[in-house]
Structure formats: C-alpha cells, structure tokens
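*Asks:* Chain by chain, the residues:
2 protein chains.
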Amino acid sequence: MYEKCREACCKNLTRIGLWGWRGRGRNRATGGIVAQKVKLSTIAETLGLSTATVSLALRDSPLVATVTRDKIKEQARALGYIYNRRAASLRTSRSGIIGVVVHDIMNPFYGEILKAIEAELDRDKQTFILSNHYDSVEKQRDFIETLLQLGGDGVIMSPAIGTPLEDIQLAEDNGMPAILIARSIEGVDVPIFRGDDAYGISLATNHLIGLGHRCIAMVGGTDQTSTGRDRYQGYVNALRKANIEVDPELRIPGPRTKQGGFEAAVHLLSLPQKPTAVVCWNDLVAIGMMNGIARAGLVPGVDISVTGYDDLEEASIATPALTTVWNGQADVGRSAARALLDKLSGSHEPDGIHLIKPEMRIRQSTGPLRVIA
Amino acid sequence: MYEKCREACCKNLTRIGLWGWRGRGRNRATGGIVAQKVKLSTIAETLGLSTATVSLALRDSPLVATVTRDKIKEQARALGYIYNRRAASLRTSRSGIIGVVVHDIMNPFYGEILKAIEAELDRDKQTFILSNHYDSVEKQRDFIETLLQLGGDGVIMSPAIGTPLEDIQLAEDNGMPAILIARSIEGVDVPIFRGDDAYGISLATNHLIGLGHRCIAMVGGTDQTSTGRDRYQGYVNALRKANIEVDPELRIPGPRTKQGGFEAAVHLLSLPQKPTAVVCWNDLVAIGMMNGIARAGLVPGVDISVTGYDDLEEASIATPALTTVWNGQADVGRSAARALLDKLSGSHEPDGIHLIKPEMRIRQSTGPLRVIA
DNA sequence: AAACAGTTTAAAAGGGATTTAAATTTATGG
DNA sequence: CCATAAATTTAAATCCCTTTTAAACTGTTT
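Protein chains in written order, with this note's numbering: chain A, 1 to 373; chain B, 1 to 373.
Treat the hints loosely; a few may be bogus.
As the list claims (entries may be wrong) - Going by beta-carbon spacing under 8 Å, a handful of chain B positions derived as facing chain A:
1) Gln75
2) Ala78
3) Tyr83
4) Ile129
5) Gly151
6) Asn243
As the list claims (entries may be wrong) - Calculated pairs, DMTMM-like style, for lysine to aspartate or glutamate (alpha carbon to alpha carbon, straight line, at most 20 Å):
7) B:Lys39 with A:Glu118
8) A:Lys37 with B:Glu145
9) A:Lys125 with A:Asp142
10) B:Lys73 with A:Asp142
11) B:Lys39 with A:Glu138
12) A:Lys125 with B:Asp142
13) A:Lys73 with B:Asp124
14) B:Lys115 with A:Asp331
15) B:Lys115 with A:Glu166
16) B:Lys357 with B:Asp135
17) A:Lys115 with A:Asp303
18) B:Lys37 with A:Glu172
19) B:Lys139 with A:Asp173
20) A:Lys139 with A:Glu172
21) A:Lys139 with B:Asp135
22) A:Lys139 with B:Asp124
23) A:Lys39 with B:Asp173
24) B:Lys139 with A:Asp331
25) B:Lys39 with A:Asp60
26) B:Lys37 with A:Asp173
27) A:Lys139 with B:Asp122
28) A:Lys37 with B:Glu166
29) B:Lys37 with A:Asp124
30) A:Lys115 with B:Asp196
31) A:Lys125 with A:Asp173
32) B:Lys39 with A:Asp124
33) B:Lys125 with A:Glu172
34) A:Lys125 with B:Glu138
35) A:Lys139 with B:Glu166
36) B:Lys71 with B:Asp60
37) B:Lys37 with A:Glu313
38) A:Lys274 with A:Asp303
39) B:Lys73 with B:Glu45
40) A:Lys115 with B:Glu45
Calculated directly from the structure, the hints in this document are not laboratory data.
Every residue gets a Cβ at the ideal spot worked out from N, C-alpha and C, and that includes glycine.
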C-alpha cells in the first residue's frame with residue numbers, strides 16, 4: 001500500500017518535497033523546495049518503460065533499440081539523474097574504487113607516478129583514493145582497512161618500511177588484489193613495478209668515475225628499503241669495479257628531501273677529505289646539495305659534481321641543470337594501473353617483478369675532476 | 001526456508017568454502033580454501049548474541065555491558081571482521097567519504113593545504129578522495145558527479161577557472177555540501193576559506209618599495225581567478241600609493257611554476273629597462289625566477305630582488321633564502337575541513353568568506369636598490 | 001510485589017541497479 | 001497470411017549487511 005502510494009506520487013512529474021527529504025535532498029535556505037531523488041525507476045516510469053530497459057540503455061547495451069536509448073539518455077539528463085554506484089555494486093560486487101598509497105604524495109617522484117596512474121584509471125572510469133603512509137605501517141594498515149570497508153576493488157602501494165606480509169595478505173585475502181610500486185618486499189607474491197635501482201645508480205657512479213672522480217660520496221637512502229639497499233649496492237659495485245676503495249665516511253644514509261640534501265652538503269664540506277663528487281638519492285636531495293654547495297661559495301658542476309636520480313621536471317631547470325638518472329616514473333605508474341585493471345577484469349595475471357631500465361641524463365651539474373683550492 | 005537453511009549453515013563454526021565465493025573471498029592459488037566473509041551476524045552467532053548487541057558494542061555504546069563488549073571486540077579481531085561501510089551507510093546515510101579537488105595536488109601550495117585537511121579528516125575517521133582538475137571545468141564536474149555517485153558526504157574545492165555556479169549547485173542540490181578554498185567564485189553562497197591576497201601582495205610590494213625599488217615587475221597569476229585579480233590589485237594599489245607609475249611591460253601574467261618563473265626571468269632580463277625587483281605569484285615562480293637570474297650571471301637578492309608568495313618549506317632553503325609572504329595554507333586546510341565536518345554534523349553553518357591574514361617573511365632574496373652595470 | 005536500572009534482542013528499515021529467462025513485438029520468407 | 005526468426009522489452013528475483021527502536025528480559029532494591 002505504501003508502495004502504491006509512492007508510485008502514484010512518483011508519476012507526478014513535478015516532484016516537489018512533501019515527504020521528500022530522507023537522506024539526500026536537504027532543505028536549503030533558498031526556500032525548502034527540494035528535488036526528489038531521481039533513480040532508474042524514475043526515468044522508467046516517466047517514459048513508461050521498465051527499469052531493465054533503462055539500465056541496459058544507459059550502459060549502451062546492444063539489446064536496446066537506438067531510438068529508445070536516445071530517449072532514455074535524454075530523459076536521464078533532463079531529470080538530472082545520478083548513477084548510484086553503491087546500489088550498482090550490490091549486484092556487480094565492483095565498487096569502482098581503487099586505493100593508492102605511497103610514502104608522500106607531495107614528493108614529486110610519487111607525484112609523477114600518481115599522475116600516470118590517474119590518467120590510466122580515468123580511462124576506465126575508476127575512482128582512486130589516495131593516501132600517504134609516511135612510512136608508518138599503522139597508517140598504511142588503516143588505509144587498507146578503510147579501503148576494504150569501502151569495498152575497494154584493488155590497491156596499488158609503495159609499501160611502508162617494515163610492511164609485514166600479513167598486511168598485503170589482508171588485502172588479498174579479502175578479495176582486493178594488491179600491486180606494489182617503487183619498492184619490493186621480501187617474499188611477497190604480488191606483481192611489482194619499479195626501476196632497476198642497482199643498474200641506475202651504477203650509471204650515475206660510472207659517469208662520475210669516467211670524469212675522473214675517485215672521491216665520490218653517496219647521500220641519502222636507507223638500508224630499510226629494497227630500493228635503498230639496491231642503490232647502495234650499485235654504488236659500491238661500480239666503485240669496486242673501478243678499484244676505488246669504499247670510504248664509509250662518504251656514505252650518508254637518510255636524506256630524501258631538499259632540506260636533507262642541504263644539511264648533508266654542510267656536513268660533507270666540513271670533512272677533512274672533501275668529496276669531489278656526490279651521488280644523491282634523488283633529485284630533491286641533489287638540488288638541496290647544490291644549494292648547500294652554492295651557499296658555501298663553491299660552484300656545483302665545477303668544484304663538486306652532483307648527480308640526482310629520477311629526472312623530475314625540476315631537474316632541467318635547476319641551477320646548474322642537474323645531471324640525473326631517468327627512472328621511468330610515468331611507465332611505472334601506467335603499467336601498474338594497467339596491470340591492476342587487467343587483473344580485475346580477469347584477463348591475465350601479471351605476476352612477478354617488472355623492472356624498468358633507467359637511463360642517464362647528462363647536464364651541467366657534473367664535470368671533470370678539479371682540485372679544490 | 002532459504003533463510004533457515006542459511007542460518008543453520010552459518011552456525012557451523014568452521015566456515016569453509018562450499019557455497020562461499022560470492023563477491024568477496026576469491027580462490028587464491030594457495031589452495032582454494034577460502035574464508036567466508038565475516039559480518040556482524042557471524043560474530044553474533046559464534047558468541048550466541050544478537051547482531052544488535054554486537055553492533056552497539058563495536059561502537060562503544062554504553063548500553064552494552066563492559067564484559068560483553070570486550071568479548072565481542074576480541075571475537076571481531078579473532079575472526080578478522082571488517083566493518084562494512086556501505087551496508088552501514090544504508091542506515092546512516094553517511095558514507096564517510098569527502099572529496100577534495102584542487103588545481104594540482106603536486107603543487108606544494110595545495111600539498112600543504114591537503115596535508116592539513118588530511119590531518120583534520122583523519123581525526124574524524126573520514127576518508128578523502130583527491131583529484132586534480134587542472135583548471136578543466138569538465139574534469140571538475142566529472143569529479144563532483146563521481147563523488148555523488150559514491151554517496152560522498154561533502155566536497156572541498158578550489159574551483160577551476162570558469163566554474164559555473166550550477167556545478168556548485170549540483171553538489172548542494174544533491175545534499176552534498178561544498179566548501180571553497182583558495183579561490184572565490186562570484187555570487188556563490190557557500191563558505192570560502194582563503195588568504196587575504198590583496199593585503200598579502202601589498203606587504204611584498206611595500207617591502208620592496210621600502211628598500212628603494214621603483215621598477216618592480218609582477219610575474220604570474222591570471223585575471224581569470226579571484227586570487228589573480230586580487231593580487232594584481234594589491235600590487236597596483238601599493239605602487240600607486242607610493243606614486244610609482246604602473247608599467248604594463250613589467251606585468252607578466254601566466255606563470256605558476258618554476259619553469260614559468262625561469263622563462264619569465266629570461267624575458268625580463270631582455271627588456272631595455274630591466275626591473276630591479278620582481279614580485280612573484282608564488283614561491284615556485286620566485287625560485288624559477290632566481291634560477292633564471294643566476295643563470296644569467298646576476299645575483300638574486302643583490303642585483304635583483306625577488307619576493308615569493310606562500311612561504312613553502314622550500315622557500316627557506318632556496319639559494320638565496322627566499323623573502324616571501326606566509327599565506328597560512330595549514331590554517332586554510334584545517335579550517336575548511338573543520339567547517340565541513342561541523343556542517344555535516346549539523347552543529348553550525350560557517351557561511352561567508354573567511355580571510356586569513358598573510359604575514360611577511362623577510363630573508364635574503366631581497367635587498368636595497370642597486371644599479372645593474 | 002512493585003519499581004527500577006542495567007542489558008539484550010527481535011525485527012523492521014534502509015537503498016537502488018543488474019540480470020536472466022521469458023514475454024512481447026516486429027520483420028522475414030514462403 | 002501464417003510460421004518462424006529476430007529484435008526488443010520486461011518481470012521479478014537478487015545482490016549486500018548494519019542500525020535502530022521499542023520491547024523484553026534480567027536481577028536487584030525498596
């Protein structure tokens with residue numbers, strides 16, 4: 001009976017308030033007249049069709065006649081219909097939500113990855129929820145849990161330092177596939193997309209060695225991430241291959257920001273045996289490093305050579321323009337997103353590690369060895 | 001009858017596959033045995049309680065005895081229960097989702113605002129969905145629509161250039177309150193949080209005038225945003241008050257990035273009448289400007305003074321350290337988020353414009369007038 | 001025995017899109 | 001014009017589970 005009454009009301013085209021403000025459609029200060037929420041059935045009823053037809057038409061099913069579809073779409077627009085994804089996900093068990101969690105979205109390295117992910121997901125009409133974990137395992141787990149609560153379809157993550165396998169498993173066990181980017185975790189069996197760090201840093205180190213440098217510092221990165229270990233290993237191997245002794249004094253772990261690079265510069269320049277070149281963890285550290293060198297009255301690229309890593313947009317406009325290693329952020333982001341979407345649509349399982357080969361970008365921040373006065 | 005059967009089955013504690021893999025809980029390669037999805041009723045049944053009690057207990061209702069609550073929470077943990085927000089939002093008509101859309105999240109100005117918003121929303125266990133609109137009205141509208149489809153509770157936006165009132169109205173009409181940050185729209189009646197741009201830029205301009213500069217350029221910003229108009233107005237007013245003629249040659253609209261600032265430097269230095277000081281749209285433009293000046297062999301802060309805007313973290317480690325205008329990003333973000341949450345919980349309506357008073361941060365990129373050789 | 005405070009529960013409500021087999025309409029061929 | 005095929009449309013079942021309320025229990029106190 002209640003239903004009957006409701007249907008009668010709904011047939012009334014001028015759908016105005018009355019018993020209207022449940023949930024949606026609140027009483028604005030403008031006057032209290034509120035539009036009733038428009039759903040599939042509203043469109044169906046106003047056109048004298050069934051919800052089945054409307055549903056099919058809006059999704060461009062070939063089952064529906066073209067004229068009918070056009071009429072339906074027009075009516076949907078006219079009534080201001082908004083597709084209700086929650087209701088749809090009741091049936092489809094797909095929410096269209098994909099989570100992405102990285103160390104810090106303000107870091108341009110991740111920013112460039114995220115941009116690529118965004119572009120890829122947009123093409124599939126997926127919504128993505130972004131979060132920083134700031135290397136807090138708890139924050140990361142909270143995020144995974146939130147995503148599960150919302151019914152997320154999948155998650156792309158650059159795992160926080162110390163991420164336990166269980167946390168990845170938590171997602172997978174609840175039917176939410178995970179994909180890793182930028183960092184690996186030992187023993188995990190989900191797809192991973194990242195640059196070949198050991199190779200990349202060896203490019204930079206060899207470039208400096210080729211310029212005659214022998215006293216080469218390495219600034220930034222930590223042994224707690226796979227990336228950190230790989231890059232340090234790449235640096236050490238390159239030195240060894242050139243018969244250069246590895247001086248622990250010249251290894252400054254930690255910095256990942258401009259601020260950190262700046263401080264490391266101050267420290268390095270206070271050493272009795274100053275390095276003539278510095279391999280930096282990333283472009284941010286390198287730029288901070290160059291600022292620190294400049295502040296001390298020396299000229300980066302002339303007195304001390306500096307290499308970055310990532311080839312951010314900023315690298316080419318730094319002063320001097322930064323010699324760095326292109327790390328394929330856009331590739332990583334795009335591939336990871338694509339892989340997840342493919343996995344979700346069941347086409348294929350892109351398991352294993354996918355390494356992107358870095359490339360050298362030589363600019364003005366490196367130059368031949370010169371003795372500091 | 002079906003229900004009866006189901007209940008009987010569910011009472012069976014070892015809930016293994018059988019008729020289990022609907023939606024969640026997929027058949028992993030590990031063995032094919034899959035955990036049944038745990039819901040409120042699972043906890044209730046295994047403990048011999050009702051779902052009502054469990055629901056209340058998990059939300060710390062005082063109605064439930066302490067011992068019972070502890071038992072329930074323990075069981076929830078043991079079973080790996082995950083709260084289903086979509087089901088919950090059926091009743092509460094709150095999804096816990098809040099949208100945030102800005103021009104570009106990679107821009108540190110927005111980054112700092114977002115960080116503050118994130119912190120505030122986190123405290124209320126709200127999830128936020130982030131998006132860039134890159135000043136595309138379409139992309140922004142798509143975002144609003146997506147948010148409505150997901151049942152978003154509210155939206156915080158820094159509106160794209162040319163945002164029509166209807167798009168804000170679209171959100172509001174569907175019961176999703178909007179709050180604006182950083183930029184205004186003419187004629188809109190939702191709360192706005194932003195810095196006092198005209199005042200802020202006048203601080204910077206007056207600072208330069210006080211140092212003796214008379215040939216002061218302004219680089220960046222566009223007349224298409226309220227912010228752009230306000231800042232330009234602040235600059236013009238300050239000059240006029242000091243009886244300095246406004247030279248249109250010295251006004252370069254557009255740039256918002258380091259790259260843009262760099263290019264503007266090249267242009268300005270090619271003018272017959274070079275400026276002795278530059279008021280920049282933001283810190284990024286200012287840093288690019290300084291890079292450009294340095295690249296031309298001049299010294300920023302000595303040969304040409306440069307002011308930034310926003311006081312990003314980066315400003316203080318730039319070379320030279322950047323004189324800039326603190327713009328209260330954290331305040332804007334925090335207040336906007338707070339206002340939205342308050343509005344959602346019905347406590348009060350924070351309508352109108354909320355202006356944050358900027359402050360001058362004087363560092364080394366500005367200095368007394370000097371004549372260029 | 002009545003009143004009460006402290007707990008627990010039954011059962012209704014809350015939301016709307018998707019899907020399938022079946023029903024209907026329209027076209028085609030003989 | 002009928003029989004069948006092809007093209008459309010539809011009825012109705014199905015997907016999901018938490019929250020909320022008034023009412024029903026306990027066990028104690030007066």
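*Asks:* Work down the list of hints and note, for each, if the structure agrees.
*Replies:* Status of each hint after checking the structure:
1. For the restraint placing B:Gln75 at the interface with chain A, the shortest Cβ-Cβ distance is roughly 17 Å, beyond the 8 Å limit, so the hint is violated.
2. Checking B:Ala78 against chain A by beta carbon gives a least distance of about 14 Å; that is not within 8 Å, so the hint is violated.
3. Checking B:Tyr83 against chain A: minimum C-beta separation of about 5 Å stays under 8 Å; hint holds.
4. This hint holds: B:Ile129 has a C-beta 5 Å from the nearest C-beta of chain A, less than the 8 Å allowed.
5. The beta carbon of B:Gly151 comes within 6 Å of a beta carbon in chain A, closer than 8 Å, and the hint placing it at the interface holds.
6. Because the beta carbon of B:Asn243 sits about 36 Å from the nearest beta carbon in chain A, more than 8 Å, this interface hint is broken.
7. Among the hinted pairs, B:Lys39 with A:Glu118 is inconsistent with the structure: their alpha-carbon atoms are about 33 Å apart, more than 20 Å.
8. A C-alpha spacing of about 14 Å is found between A:Lys37 and B:Glu145, which places the hinted pair at or below 20 Å, so the restraint holds.
9. At most 20 Å may separate the alpha-carbon atoms for a hinted pair to count; A:Lys125 and A:Asp142 exceed this at roughly 25 Å.
10. The hinted pair formed by B:Lys73 and A:Asp142 meets the criterion: a straight-line CA distance of about 17 Å does not exceed 20 Å.
11. Under the criterion of a C-alpha separation no larger than 20 Å, the hint pairing B:Lys39 with A:Glu138 is inconsistent with the structure, at around 23 Å.
12. Distance check on the hinted pair: A:Lys125 and B:Asp142 sit about 10 Å apart at the alpha-carbon level, within 20 Å; holds.
13. Only pairs whose Cα atoms come within 20 Å are accepted, and A:Lys73 paired with B:Asp124 is rejected, the gap being roughly 39 Å.
14. Distance check on the hinted pair: B:Lys115 and A:Asp331 sit about 27 Å apart at the alpha-carbon level, beyond 20 Å; violated.
15. Of the pairs offered as hints, the one joining B:Lys115 and A:Glu166 is violated, with about 28 Å between alpha carbons and a cut-off of 20 Å exceeded.
16. At roughly 26 Å between alpha-carbon atoms, B:Lys357 and B:Asp135 are farther apart than 20 Å, so this suggested pair is violated.
17. Distance check on the hinted pair: A:Lys115 and A:Asp303 sit about 36 Å apart at the alpha-carbon level, beyond 20 Å; violated.
18. Between B:Lys37 and A:Glu172, the direct Cα distance comes to roughly 13 Å. Compliance with the 20 Å bound is thereby established for this hinted pair.
19. Straight-line distance between C-alpha atoms of B:Lys139 and A:Asp173 comes to about 34 Å, which puts the hinted pair past the 20 Å bound.
20. Proximity of A:Lys139 to A:Glu172 is assessed by CA-CA distance (about 18 Å); at most 20 Å being required, the pair is judged to hold.
21. Taking the CA atoms of A:Lys139 and B:Asp135, the gap is near 31 Å; set against the 20 Å cutoff, the hint is violated.
22. For the proposed pair A:Lys139 and B:Asp124, the alpha carbon gap of about 14 Å is at most 20 Å, so the pair holds.
23. Distance check on the hinted pair: A:Lys39 and B:Asp173 sit about 15 Å apart at the alpha-carbon level, within 20 Å; holds.
24. The straight-line distance between the Cα atoms of B:Lys139 and A:Asp331 is roughly 23 Å, outside the 20 Å bound, and the hint therefore fails.
25. At most 20 Å may separate the alpha-carbon atoms for a hinted pair to count; B:Lys39 and A:Asp60 exceed this at roughly 36 Å.
26. At roughly 10 Å between alpha-carbon atoms, B:Lys37 and A:Asp173 fall within 20 Å of each other, so this suggested pair holds.
27. About 10 Å separates the Cα atoms of A:Lys139 and B:Asp122, which keeps this hinted pair within 20 Å; it holds.
28. With a C-alpha separation of about 17 Å, the suggested pairing of A:Lys37 with B:Glu166 holds against the 20 Å cut-off.
29. With a C-alpha separation of about 28 Å, the suggested pairing of B:Lys37 with A:Asp124 is violated against the 20 Å cut-off.
30. For the hint pairing A:Lys115 with B:Asp196, the CA-to-CA distance comes to about 31 Å; that exceeds 20 Å, so the pair is violated.
31. As the CA atoms of A:Lys125 and A:Asp173 are separated by approximately 25 Å, the hinted pair breaks the 20 Å bound.
32. This hinted pair does not check out: B:Lys39 and A:Asp124 have alpha carbons roughly 31 Å apart, beyond 20 Å.
33. Taking the CA atoms of B:Lys125 and A:Glu172, the gap is near 23 Å; set against the 20 Å cutoff, the hint is violated.
34. With a C-alpha separation of about 14 Å, the suggested pair A:Lys125 and B:Glu138 falls inside the 20 Å cut-off, and the hint holds.
35. Of the pairs offered as hints, the one joining A:Lys139 and B:Glu166 is violated, with about 37 Å between alpha carbons and a cut-off of 20 Å exceeded.
36. For a cut-off of 20 Å, the pair hint linking B:Lys71 to B:Asp60 stands: about 13 Å separates their Cα positions.
37. Our distance criterion of 20 Å between C-alpha atoms is broken by B:Lys37 and A:Glu313, whose separation comes to about 46 Å.
38. For the hint pairing A:Lys274 with A:Asp303, the CA-to-CA distance comes to about 11 Å; that is within 20 Å, so the pair holds.
39. A threshold of 20 Å between alpha carbons decides the hint, and for B:Lys73 with B:Glu45 the separation of about 14 Å falls inside it, so the pair holds.
40. Annotation: proposed proximity of A:Lys115 to B:Glu45 is violated, straight-line Cα distance about 46 Å (limit 20 Å).
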